[in-house]
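**Q** Residue numbers (the numbering used here), protein chains in the order written: chain Y, 35 to 204; chain E, 14 to 331; chain D, 291 to 480; chain V, 163 to 1066.
Warning: the hint list may mix true and false statements.
[What the hints assert, rightly or not] Restraint-style ranges between C-beta atoms, simulated for each label pair:
#, chain 1, residue 1, chain 2, residue 2, range
1, D, Val384, E, Ile24, 45 to 53 angstroms
2, Y, Trp43, E, Gly83, 42 to 50 angstroms
3, E, Pro197, D, Val431, 23 to 31 angstroms
[Said to hold, decoys possible] No farther apart than 20 angstroms at their CA atoms in a straight line, the calculated lysine to any residue pairs in the SDA-like style are these:
#, chain 1, residue 1, chain 2, residue 2
4, Y, Lys40, E, Leu206
5, V, Lys171, V, Asn217
6, Y, Lys186, V, Arg293
7, E, Lys309, D, His312
8, E, Lys72, E, Gly59
9, Y, Lys177, V, Arg293
10, V, Lys954, V, Arg691
11, E, Lys187, E, Lys72
12, V, Lys1032, V, Gly1054
13, V, Lys371, Y, Asp103
14, V, Lys1032, V, Arg1014
15, Y, Lys62, E, Gly54
16, E, Lys86, D, Val303
17, Y, Lys47, E, Leu46
18, V, Lys294, Y, Lys40
[Said to hold, decoys possible] If you want the footprint, here are the derived chain V segments under chain Y, 3+ residues with CB under 8 angstroms:
#, stretch
19, 290-303
20, 373-387
21, 880-886
Simulated from the structure, these hints should not be mistaken for lab results.
The structure displayed is predicted, hence computed values, not measured ones.
All residues carry an ideal CB built from backbone N, CA and C; glycine is no exception.
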Amino acid sequence: MFSMLKTLWLVFKHAFHKRVTIQYPEEKAYLAPRYRGRIVLTRDPDGGERCVACYLCAVVCPVDCIALDSAEDRHGRRYPSTFRINFSRCIYCGFCEEACPTYAIQLVPDVEMAEYNRQDMVYEKEHLLINGQGKYHGYNYYKVAGLAIGGKAKGEAENETPPVDPKSLF
Amino acid sequence: MNPTIQTLLLIQGVLVGLLTLAGLLVWVERRLLALWQDRLGPNRCGPGGILIFVADGIKMFTKEDWIPPGSDKPVFVMAPAIIVVTALIAFTIIPLAPGVSILDLNIGILFFLALSSMGIYSTVLGGWASNNKYSLLGGLRMSAQMFSYEVFMGLSLMGVVILSGSLNLHDIVKAQSGMWFVVPQFLGFLIFLFAGLAETHRLPFDMPEAESELIAGYHTEYSSMKFGMFFVGEYVGVTLISAIIVTLFFGGWQGPLLPPVVWFFLKTMCFILFFILLRAAIPRPRFDQLLAWGWKFVLPVALLNLIATGAIALARGN
Amino acid sequence: METAFYIVAAIAVLTTLRVVTHTNAVHALIYFIVSLLSMALLFYLLGAPFVAALEVIIYAGAIMVLFLFALMMLNIGTAQDEQERSWTRPGVWVGPGLVSAVLLGVLGWVISEGGQVRGQSDYVAPSEVGVALFGPYLVAVQLAALLLLAGLIGASHLRRHERRTIMSDEPAEPSSDRSTGSKTGKGGIG
Amino acid sequence: MATIHIDGKPYEADPEKNLLQTSLTLGFDLPYFCWHPALGSVGACRQCAVRQYRNEEDTQGQIVMACMVPAADGTRISIEDEEAREFRRSVIEWLMVNHPHDCAVCDEGGECHLQDMTVMTGHAYRRFRFRKRTFNNQYLGPFINHEMNRCIQCYRCVRYYKDYAGGRDLDAFASHNHVYFGRSEDGILENEFSGNLVEVCPTGVFTDKTLKTHYTRKWDLQSAPSVCAHCSLGCNTLVGTRYGGARRILNRYHYDINGYFLCDRGRYGYEFVNRPERIRHPLLHEGAHDTETYSKPETCSADVALKEARIRLRRANRIIGIGSPRASLESNYALRSLVGEDNFFNGLPAAESHLVTVALEILRHGPVRSASLREIEEADAVLVLGEDITQTAPRMALAVRQSVMRTPRETARKLGVPAWHDRAIRDVAQSDRGPLFIAAIDETRLDDVSTAAITRAPNDLARFGFAVARALHPEAPPVDGLSESDTTLARQVSDALANADHPVIITGTGLGNEALLQAAANVAWALLRCEKPAALAFVVPEANTFGAGMLDGRPLREAYDAVSSGDADTAIILENDLYQRTHDVDVDRFLGGLKSIIALDSLRNATTDRAHVVLPAGTFAESDGTFVNNETRAQRFFQALPPEGDIAESWRWLGRLAAGSAPSEEPAWKYLDTIIDAMVADYPELRGVRDAAPSADFRSNGARFPRSPRRFSGRTAIHAQFDVNEPSPPADHDSPLSFSMEGSTAVPPASLVSHYWSPGWNSVQALNKFQEEVGGANRGGPPGICLIQPEKNLHPFFTEIPATFRRSGEKFVVLGLPHIFGSDELSRHAPALAERIPHAYVTISDADARARGVSEGDQLVLRIFGREHKLPARIRPKLAPGILGIPMGFPGHAGLVFPVDGHL
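Next comes chain Y alone, as it looks inside the complex (with noise of 0.2 angstroms):
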């Protein structure tokens, strides 16, 4: 009985302490640049787009968000040729991110998505793609794998001999 007339006296003096709300529209909280907010697809230092469409992102979505379509162009490098996620399903888990091998999906800071109708929650590749590398710098799928693509030849990713001619013996 005591303790509930101790919370009641406790819970009351709160009333003058501190607010902790934040007014969001006008201030702005502090999101750490890590932080999981709206999905971009990035393009490696050359320009080219990082995504191999290899559909990894699309099976590790627990709410099965993505939704991709590979394509190849003439040199036999693949993209996708759409790529959609439904924000209105997304749960901003990141796995994509994870599982992506080409650091092409990425979650930025950007948390302002909301829409008053939930058709335009839907985003397609020309609003997913943006004109960087994003979180990470540097990095090309294509130097490291072993597939030829325009421009790269076989052998001439990193760490990789000329290719054999097996027409000889030695």
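For this one, chain Y is given, so just place chains E, D and V on it according to the hints.
**A** Leaving out everything else, chains E, D and V in the frame of chain Y:
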């Protein structure tokens, strides 16, 4: 002025005043809860957010009015009306100032008790008619809770009746001109406070709606203005219980300097604020604890209080 | 006041009829509550506001809530509705109808003999009611209390008994009849 | 049965199997690469190492390769042994040394045996920090993509391609860590079964090139069990779909038919499903044949089309229905019951219809069984009579190719070499092959493994068959005037067949020669009279030719006659391009004589272009139905794609059409099960169709079987560009499958398997978990029911022996040459396959060419029915003089019914 017109005006005044107050209480409660939780609370709509209740009203009137298929339609519709109607009718006997009440009833206390017991049907029937297991559980809880606490709600008031020798609220207020009954009837006051909380199923005794266990209990399936009526009914109920406490234990309108109506209003507001503080501070007990507390502790205390009061009254020789 | 009395009386009779004829238990109970409320009003009109208030508090309030509580605990479904409907076939009404007709006749006879309803109420104070109950009717009150006590103990006993039988009837082991699941053979991906 | 001990526990095992296969059957996860149930063991990859103990006392033991040790009674091994595990882990680490970091862009990713095995052995981190060896890739044609960097040198590809499929243009080159698997130079892989490299390769060296153009991971492919629609064998397939299109075909294991392998037509012919020439909405074609220039058809709603069709049907004097051998049994039946028995035509030209009837009668009334491909694979003597099966029933050719190894394997078995020991068997066998005799009009792709191959004119092939029968049994009719060499050969063939335990005779309708069927039947019957369990395999042209034949429709000719006699004025044409069946003059006359034409088809063609109402029929990927294959096995195929827009199964359209005009009126059959019930009631012979697959109310633990894999992605975004609210998945009332990823996780009955996956086994090798024993029968039995069971009583021999072929004057007999790529009407529309279609040509015998001074490649003008066809010549040394061959079904001469007479 014609007494009929006078009464009608009074009715009008009380009705408008009460409903406005109930609306304002929405804002008051939110602001106060925020205050005690180091937040700001609603502060966008109107000065200091006071127009939030208008916004709430508009929202409730314009929401989809959904009656779940499988529900008992007439009962479902009737239930929310009961709580508002009974609470409002109970207000007719509250003495606002000397000689000013809509009804001057010689059995005022009993009238209040009768109507408060009627008000329970709202939640019980609402819970049953929704055809939803959580609602039904809420309704069941309400009936058990009410049945337990109404017994000693009546008993706790009997001390006051014995001291004043009347069931008429005006007489009871007048009988407190010397000393507020809260002093001789402190136990009675405490018991009535518990019972009042239980009757209005305010926190911490809001087991019938207990969000964490029953979603929203008896009003899970209610939407739009039907839910709104439960909402308004609850605030009118809080006001009513506060007014009754003030009338029975804290000398009603009596007070120095200020006009009696103001005194009555101020005292009532104090109790309303106290109810809100309770909500902010006290956690909800378990349902079986609530019933055990009621039957095993409060009831014996209420009986003791009654016997002691009666004995003292007899000893003083009326 | 006369008109009010007749209106209220009519409501009381009609709602009581609905209590008997309604197949939905909860609806019947609501009618019963209304019936009790109109009874309370009748008491009030007849000059007994205290009894009226008690009627509402005790009967319409507490006891009916208990009834409702019990009803809501029972799982009354459409099967019971059907049963109820079969019980309220026209043939069932013959006996009660006859008895009621006799009662009506007696009532008419009493009224015509000069029995009359008191039009204007005299106030009966709470103390008078108390005095009456604890004075001339003391034995009746005590007997009623005893009866209630007996009922209480009886109910408690029945409940105990019921629980014991339930416990003893419980099967020793959970049923072994499992639904036939798919056979997941060795190394299967069941 | 033997008892073996694995990690101290006893297990029952088959001593005929090796330890790896046994362990996998018992459910142990033992990694492997080079071993394949169909290819046997060579012990190349060193991955399946286990520790073997000599006896109970032996604690030392020795590391052995499980795939090279028989599961003999009393064998004691340990899979969990620490050193064995370490061995396996280090082996895979070495294999991964040069494996590139490109899983993200590798088509095998997510269904990669190498990934699975890496996880299984626990090799999680790469310690190798030096430079990786690289290779240049090769262009291998439109089917296969080559990425040599990923190779782990398991040799499965060359073992499959060279040893199993008989290919000559893929090999291993160079040595040590430079071993290269490819062709000697860039170029199209010639073998018809190259597509299986995709499934055989445990990693991403050989991947599906058609999938690459619309790449989807395995976990995103909504799949359903299907049956290949491109030939009569009824190989089981899995159709993978995504975004409303078919994305690839995978082999669906059927123990008795296709086993582990498909032909390239079956694997790559699916793309016609996605083509722009698909009919996706009903078309109305006003005045289609009033004007010579056809008006452009207008799309309309289903209701409008149905209303128009019903009006036309009501106005009709007599409605005829033309069925199709490429439509499902249900659709043909629906048409038949809509138009009535007297008005139903099976959609085949008279000659072919007759051949199908003859074949069915032989199966129905003869005592001879119809051979499954499994039986052909296990046959120890095979006679192929007249049919070029590589082109008409390719998967059967692969089975025949395996049959020749049966005798050498038997020799090896006598020497104590177990059947799974592939390398040793091949060492024993050297060039020894079992008896395989091929009698065809020209060289075939199987000649390289044949004991003897003769080329004759069709009639002479039949005569040769009759001669073999005669040599086997004296009651068979004698053949007069056979040459000495042929008589000797016939004697040799009959000896081989008579000495075999499981002889199989293969023939078909490809040459349009009835006597060939009769000759084959005579050989089989003669063998049966010699107490040999001979089996007969007929090859028919299309997926449901036998099904259409079993509904006793009458041939197209009679339909044409019904119109020319002025009797019939309205026709419903079911999935049948008449211009592919009969001569266009006839078709023009027929269609011109009709007041109303209602056509149902999936692709636009010359017939639908002339129809007044065209209803969009579903392809195999969008339909539920049943095909009856060449052994009269009824097999169900299921929708892999929920039909888009107005597309529906033909039987559903016909049901709606039959329902009458009131919209409330229910179609005669709403669901697949109701039409099957109706059909079975009408045709007791088709009783087995009902049991070909579980009915729609079949449930496992109360749940349907999901079409989507468990990790299907993008559900909440895939339709979000249209509406952010997710639509509920399409309901399926026709099958126990659901269009969702939720449902039973139990192993379904084999006819309902929609993908192969098992925890830890993401690649196609997960199939191991769907078999009774690894490499054995499907769990719960192979799907499908053979509709015709042979009668016991012996049938009298056919006695009508045709006269030997004599050319009459300047006239040539023109035969149709089937082509695996190009002769099939539907798969021709698949872009990858279209690249492999040769240009039309005419083959001419050496003698005729010399006589007319024709040299290879010369443009010859061939006149058939007064029309000139200009085609380049191909000179064939073995072709009989007086015979010309032109490819079947090619544009320009599609509707010719072979054989026809032609003039040069």
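**Q** Evaluate each hint against the coordinates.
**A** Hints versus structure:
1. D:Val384 / E:Ile24: 45 to 53 angstroms: holds (51 angstroms)
2. Y:Trp43 / E:Gly83: 42 to 50 angstroms: holds (48 angstroms)
3. E:Pro197 / D:Val431: 23 to 31 angstroms: holds (30 angstroms)
4. Y:Lys40 / E:Leu206: Given that 20 angstroms is the threshold and the Cα spacing comes to 18 angstroms, the pair holds.
5. V:Lys171 / V:Asn217: Holds, at about 14 angstroms.
6. Y:Lys186 / V:Arg293: Holds - the C-alpha atoms of V:Arg293 and Y:Lys186 are around 17 angstroms apart, at most 20 angstroms.
7. E:Lys309 / D:His312: Answer violated: E:Lys309 to D:His312 is near 39 angstroms, above 20 angstroms.
8. E:Lys72 / E:Gly59: holds (16 angstroms)
9. Y:Lys177 / V:Arg293: With a Cα-Cα distance of about 13 angstroms, the restraint between Y:Lys177 and V:Arg293 holds, given a limit of 20 angstroms.
10. V:Lys954 / V:Arg691: With Cα atoms ~12 angstroms apart, V:Lys954 and V:Arg691 stay inside 20 angstroms; holds.
11. E:Lys187 / E:Lys72: violated (44 angstroms)
12. V:Lys1032 / V:Gly1054: Holds, at about 10 angstroms.
13. V:Lys371 / Y:Asp103: holds (16 angstroms)
14. V:Lys1032 / V:Arg1014: Holds, at roughly 16 angstroms.
15. Y:Lys62 / E:Gly54: Roughly 18 angstroms between the alpha carbons, so the hint for Y:Lys62 and E:Gly54 holds.
16. E:Lys86 / D:Val303: Violated - the C-alpha atoms of D:Val303 and E:Lys86 are around 25 angstroms apart, more than 20 angstroms.
17. Y:Lys47 / E:Leu46: holds (12 angstroms)
18. V:Lys294 / Y:Lys40: This hinted pair is violated, its Cα atoms lying about 72 angstroms apart.
19. 290-303: Since three or more residues must qualify, the claim that chain Y covers the stretch 290-303 of chain V holds, with 9 doing so at under 8 angstroms.
20. 373-387: With 8 residues closer than 8 angstroms to chain Y, the stretch 373-387 of chain V meets the three-residue bar; holds.
21. 880-886: Answer holds; 5 residues pass the 8 angstroms Cβ test.
In summary, the structure is inconsistent with hints 7, 11, 16 and 18 from the numbered list given earlier, while agreeing with the others.
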